[in-house]
Structure formats: structure tokens, C-alpha cells
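Take the given structure of chain D and dock chain V to it, following the hints.
Those protein sequence lines, which keep their order, are chains D and V. Take 1 as the starting number for the first sequence in my numbering and just add one per residue. Take 1 as the starting number for the second sequence in my numbering and just add one per residue.
Check the hints yourself; a few may be wrong.
Which chain D residues stay away from chain V? Per the calculated CB distances, all over 12 Å, these [claimed, not checked]:
#1 Arg111
#2 Glu116
#3 Lys152
#4 Thr184
#5 Val253
#6 Asp331
#7 Gln332
#8 Ala338
#9 Ile390
Here are the simulated lysine-lysine pairs, PhoX-like style, with alpha carbons at most 25 Å apart [unchecked claim]:
#10 Lys50(V) <-> Lys108(D)
#11 Lys50(D) <-> Lys105(V)
#12 Lys190(V) <-> Lys160(D)
#13 Lys420(D) <-> Lys50(V)
#14 Lys160(V) <-> Lys87(D)
#15 Lys123(D) <-> Lys190(V)
#16 Lys190(D) <-> Lys87(V)
#17 Lys197(D) <-> Lys108(D)
#18 Lys87(D) <-> Lys197(V)
#19 Lys420(D) <-> Lys105(V)
#20 Lys420(D) <-> Lys108(V)
#21 Lys280(D) <-> Lys105(V)
#22 Lys420(V) <-> Lys105(D)
#23 Lys108(D) <-> Lys190(V)
#24 Lys6(D) <-> Lys420(V)
Hints were generated in silico from the structure; no laboratory data involved. Ideal Cβ placement from N, Cα and C applies to all residues, glycine included.
2 protein chains.
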Amino acid sequence: MKEKNKYLQLEYKPNYQEEIIATFYGESNGSLEELSEQVAGESSIGTWTKLTTLSDEVFQRLGARIFSLDKKNNIFKIAYPLSLFEKGSIPQLLSSVGGNIFSMKAVKNLRLENIEFPEKYIKSYPGPYWGIEGIRKMLNVYDRPIIGCIMKPKIGLTSKQNAQMASQIFANGVDLIKDDENLTSLSFNKFEDRVKKVLELKKKVEKKTNQKKIYVFNVTAPVSLMLERARLVKKLGGRCVMVDVISVGWGAVQELRRQNLKLIIHGHRAGHSAFTRNKKHGISMLVLANLARLAGIDQFHTGTVVGKMEGGEEEVCSINDLLREDWREFDQLRENWASLKPILPIASGGLHPGLVPQLVEILGQNLVINFGGGLHGHPQGSEAGARAAIQSIEAVQKGIKIKEYAKTHPELKVALNYWKF
Amino acid sequence: MKEKNKYLQLEYKPNYQEEIIATFYGESNGSLEELSEQVAGESSIGTWTKLTTLSDEVFQRLGARIFSLDKKNNIFKIAYPLSLFEKGSIPQLLSSVGGNIFSMKAVKNLRLENIEFPEKYIKSYPGPYWGIEGIRKMLNVYDRPIIGCIMKPKIGLTSKQNAQMASQIFANGVDLIKDDENLTSLSFNKFEDRVKKVLELKKKVEKKTNQKKIYVFNVTAPVSLMLERARLVKKLGGRCVMVDVISVGWGAVQELRRQNLKLIIHGHRAGHSAFTRNKKHGISMLVLANLARLAGIDQFHTGTVVGKMEGGEEEVCSINDLLREDWREFDQLRENWASLKPILPIASGGLHPGLVPQLVEILGQNLVINFGGGLHGHPQGSEAGARAAIQSIEAVQKGIKIKEYAKTHPELKVALNYWKF
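Chain D extracted, bound-state conformation:
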């Protein structure tokens, strides 16, 4: 490679049909030009020193191009030729645009903010099997948020207790109940026992209520075990499995989808904040949401805005940014995207009935609202907690102020008094 070959080509017009576009936030002790040059090299065909083995022809054909540089905001955009990528492989994509670059000496802070894919790259992925429409059809719930519940304590119930409590909560109107992220198969609550017992009682409650219900079984495990468990759920008539996408990794998530078991795949994101939380370094939730859609997750945990999990403890001025980020994720999960079905976003973490009006106002109706502590923590117990959750959504649907609705709905009243908001 001759000295004149540079990745920085601000006059370049990217080809959105043939290139992957990555947007980075970056800080270094040098200039943004130098930083972007090193990021573009390391994530495509270059390294820290000139190579005798890198020809001009290869540089022209495969080199990444920095076509936009915003020094005021420390943002740069890189166009990568599709030839650098193996189609249908999230791991290979991440090893390139989300790989060594975070380790480079030149980097003080670096964040992968967004990735935009050409249609032909998107089409090399299956996307969700069910998506929003499929899930709503399965539940026969079209005109309101889907009401979810997380079993609590995360770990501690026996498989029998788990099944009985799930059945009671279903009977009180909840649509979907899920295992928590660290409950897989434990000595006192073996996966197989839980599936059998939960599904048996679920069938009864579905018959009794004449409503369809979804139980989300957590199959997070080394891959062969994960697939074995997913097949068991399918065999016994279950409708949905959950994976912790960060803990098992994208190679495993893609494999679960590839098996085409026609189960709803519920994506939990435990651990994401190790690298998404710092707004200056790591990878954004927006990128993760896009990867989830490619991989074929049907419903995915994304920002809760008002719940326990986002950075409300930080400076007030950052809250608007967080809100905006949450919005961006939700929007991209729902919009049209080549031929891939839209994912249903899940708001989960720290939610209780009092937060529902604000949540729906911000995020709309097209989501799952999960209640965990905000249901099992109800002073009158889990069943009353389920009713309070349902009532909070009824109030919103009817356009009645939640405190007004609580006057005639005692469980909601107790919840609103108990959890300040």
C-alpha cells in the first residue's frame, strides 16, 4: 500500500445498495481524522503498519471509506463494501465492525452507534418467524399492549410452585408469563419438570378462560442443551422460548432460529449494559436491536424509559437523550425493513401499574409490558398484583385517569398507594 492510500475520502458518495454503513462516536488524543483512519483500517483490511502484502487493487476494491466526519459531535461514518462480509453471519459482522477497534491504542473512547445494511445483506437473514402480527394473532389480542409477568423470586420456587403460581396469574388475565434470566434448570426446579407442570396447568386455564396464553421458557444454555430444551417445549405444546442473547451469544441465537421450530423466540438482554451503558464507548442498544431482528428474535427487551433499568440516576440533561435512544430502538424494531417481519418490543424492569399510562403514552400500544416485582410485590399478593396490572391497562384503554379508575378497582388502588410514582 502506498502512502497516498487513505481510508478517509470525504468526497466519497456511499452506495447504500452495496455497502454496510457504520456510524461511530470516537475520542482520541489525536485528531478525529487519524482516529477514523485507524478504525476504518482495523475493521476492514489494514493494521498498525504498512503491509507489503496489501496491493493497491485490493485497497481500492475492499478498503473501507470514511465518507463523513463531524468534528463538532465526534461522529464519523464508514462505508464497507459488502465483499468484506459473510452473508447471514452476525458473528463475522461483529468481529469486523465491533471487534479489535475497541482495543486500539489510538482509541480513548469509541462507540458503534448504528449500522445500516443494504437490502441484499438483510435478505441473507431469516428475521422473525412470528413477529408482531404473528404473536398478536396467536393471542388474539390486537388492540392493547400485551400484559406480561416475570416469575419472582428469580430463583427459589420449585417447579410445582412455579406452575401453580403461573396458572393463578394467567387466570387473572395476564397474557404472557416468563422465566427470569438466571432460571434455567436448577436442582429444585428442573427445566423438564417446569415445562411439564406449567404446560399442563396452562392448558386448563386456557380452557377455563377461553383465552390463549404464552409461557416463556428460558432455554439459555450451551447450544445442544438449548436446542434440546427448545424441542421439548415444542413437543409438549409450548409456544415460546427465551434466550439471554448476550450470555449465549449471537452464534447460538442464530442457530436457535435456524432450527425453525416455529416457537416464538423471546430475546432477553441480560448483560448488555456492560457495553451499551457508556454513551461514549461500546455498542449502542440500537445496534443490538437491529442484530436481534436479523437473527430472528420475535420479541425483544429494549428500553423501558420509566422503569428500574435506565440511567435515571445520571444527570438530568441526559434523560432526553435516553428517551430519544429508546424511541429509536422501538421505531426500528417496528418499521418496514426489507422483507423481515417487525419485532415486538418488550418493556421490562421495575414496572408497576402506576407507570403504565406514561409508558403507553411514550411507547404506544404495540409492545409487551412486563411486571415482575411490580406484580409479585403487591401487598395483597401475586393474584391481586395481576389484577392491578390488568386494571392499569384497562384505565388507559378506556381513557380514564388511573387514579380515577382506582376508585372502583381496589387492587389498583392498593398498588398506586404502595408504589409512589
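Same frame as chain D, now just chain V:
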């Protein structure tokens, strides 16, 4: 759970045979006591509010216990009963001690610094099949670092060029050559073609030199494709495959080991710095190194100390910490650990012949030293670069100062003049 139940129990003496011990660095706007309380709850059986479903008995049996709190250094240690964990599952472990905790409102910064496992937990994992001893035996190289080369450019050579260049580099004395992290199967260098062509020429060069060689094929991909490719390598007589452990994820890495193909598993860590680099938030490399050992990685990329990848750009005062961290990782990979074989550490990234004496002085002989740009960037080309790399290690082995040795070794001389150190 009654108000009196607290996870903070500083009088508690942990049981190292029955509990997993996690060490955290933490910062919040409140006290360290409050933060540790929330971390211990969220990573075991608690949540943000009291639960009517959490009994005292379960709290006593399954609750995590904070048994150490160092306010000066913001460090706390938590003991988790083994019953909280599914044996042999890294994803389940991470969903617990490396999961939601990073997202909590109470957290300003949180870093999982270390995990210590009881022997009975460690024994639920296979560990490396080959380990240090097996790899050295395979190569018949016992008394010096193993000399590795990364093919460069990362992407751009055809499968034929790739095989020919690898053969020439092997012929000049290099022990091990590897694909780079983003080269998997691309239109001009298909995985199958590369394996066939490389292995064919490798056999010839092994015969000619009477030395054993290792080519590291990158099988990073969605799981079934990854396994298919690993089986092809095995079938065609290869000895080693590489996975980008962060990009494919631990569920996939564990599956590769479980297949027991008796291939050396080479662990690349592209992307780790998205969450390991910040010394106050995320997960430490030490933890990743331990997970790699459990999963059964035989040789693993860890700190290079002197290379391109560590944070030498940061304040001088942090360098000693970095050095110490590198040391810790290397030590733990090599020490005795229940019955699991030790992993061979790999120093990789920005290395060139001039850095070798310092590297060996710091890290010892028991490692792979990878040269990428520091070989293919040699002004006289890759073959001369390979000879310069070999010569740098010969100098160290013979106890001759590298500049002295360069006087009679022209390729080394050129390298030392070209790359300042």
C-alpha cells in the same frame, strides 16, 4: 421477605467449597453498602421491591451474601450458593453474576473483577483438551515461545495466495499461522477452498522441514456452520480451529468443545474491549480468561503488554495496573486449577521483532507470540519478516542482545531499523 433480611452480612465466612465468590468494583450516588445490597439481590433472588413470594427459608438458603466491603477501594465481595447455578453452563453463570446488575439505576459504575469457583463447579466443565502440554507435544517445541503469524491483509488474499504465502512463511521457521478475526468464508477466499489449499501445501512443507506446523482456521459463524467447518478441518487433517469467543458467544464456544473433535481450539477475543477496557465498568479480562479455561479453549489471546492493543495511550500511572492485570491473566491461565489443563496464552497485536526481548522478559517462555503487521510489514516482504521474527527469538534464547544479534542477521537488522521501539 422481612425488612430484616439483608444480603449484607459482613460477619459471614464464605464457604469456598460450596459457593461462587465474585469480586466487584462499584460506584453509585449512594453508599457502597446500598449498592452491594442491590447487586447481590439482582444477581441472585431479589429485585427492586419486596416480594410477597420470597420466603425467609428461600432467602436463607439461596440469598447471596456480601461478606467483604472495602470502601476505600470501592470493592465488595459476594458469596453465591452453588444451588443458584446450573453446572457446566457459562451462559447461565453470566446471566446471573454478569447480567442485569450492569443496568440497575443504583449503579454509576460496576465492574466484575474476578470470579472464584469451588472445585466441584470447575469439574462440571471439560477444560482444554490439549492445553499447553498437548500443544507443545504436537509441535515438538518445548524450550521457547511458539512463533505465530497472522495472515495479512486481514481480508484480501485469495485462497490460493493465502495458501502459498502460508507455505512460504512456514518454510522460514514459523510454527503457527492463523486467519485473522474477520476472515471466515468470503467470495474470493471460501473457507473450504482455503482449508484444502493450505493443508495440501502445509503437508509438503512439514515433510520438507521435518517440523510440525499448525494452521489456525477461523470457524467463527452461526453454530451449525461453525461445527461443519470444524469437522471439515478435522477430516482434511488439520489440527486447529479458531473462534472469536465474544462474537459467537459462550453458548457456541462450549458447543465446539463438547463436540470433542480433538482439534486445538484457539480463542480470539475480538470485541472484548467494548466491555473490558473501562477499568470501572464492565467485566475484566481476568474473568474472560477464566471462562475460556472452563469452556475448553486451548490457547487464548490475552494481554500483550507491549503491543498495539493495550491502553498505553492513557495516563502513565495506569500502565503499572495494566501490566499487573496482564500478569494476573497469564498466571491464572497457567496455574493448576482443579483437574483442568492450563491454557497457553497468546500475545497478539502490534508485535514486531524489536519488542520480543521485553515481551519474553515480562511474560516468560510459555506463550505464543503472534506477528501480523510486524512480519508482513517487513520492508523486504513476508518471508524476510518471518526470518526476522525467528531471529528475534533466537537472540533471546541465546542470551544475546537483540541489536548485537542483528549485526549478523540482516533481516532482523532491517526490522529493528524500520520499527522503532
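Quick rundown of the hints versus the structure:
no. : hint                    : result
1   : Arg111                  : violated, 9 Å
2   : Glu116                  : holds, 19 Å
3   : Lys152                  : violated, 5 Å
4   : Thr184                  : violated, 5 Å
5   : Val253                  : violated, 8 Å
6   : Asp331                  : holds, 21 Å
7   : Gln332                  : holds, 20 Å
8   : Ala338                  : holds, 19 Å
9   : Ile390                  : holds, 18 Å
10  : Lys50(V) <-> Lys108(D)  : violated, 41 Å
11  : Lys50(D) <-> Lys105(V)  : violated, 46 Å
12  : Lys190(V) <-> Lys160(D) : violated, 51 Å
13  : Lys420(D) <-> Lys50(V)  : holds, 14 Å
14  : Lys160(V) <-> Lys87(D)  : holds, 22 Å
15  : Lys123(D) <-> Lys190(V) : holds, 20 Å
16  : Lys190(D) <-> Lys87(V)  : holds, 12 Å
17  : Lys197(D) <-> Lys108(D) : violated, 52 Å
18  : Lys87(D) <-> Lys197(V)  : holds, 23 Å
19  : Lys420(D) <-> Lys105(V) : holds, 16 Å
20  : Lys420(D) <-> Lys108(V) : holds, 23 Å
21  : Lys280(D) <-> Lys105(V) : holds, 18 Å
22  : Lys420(V) <-> Lys105(D) : holds, 16 Å
23  : Lys108(D) <-> Lys190(V) : violated, 36 Å
24  : Lys6(D) <-> Lys420(V)   : holds, 23 Å
This entry does not satisfy hints 1, 3, 4, 5, 10, 11, 12, 17 and 23, going by the numbered hints stated previously.
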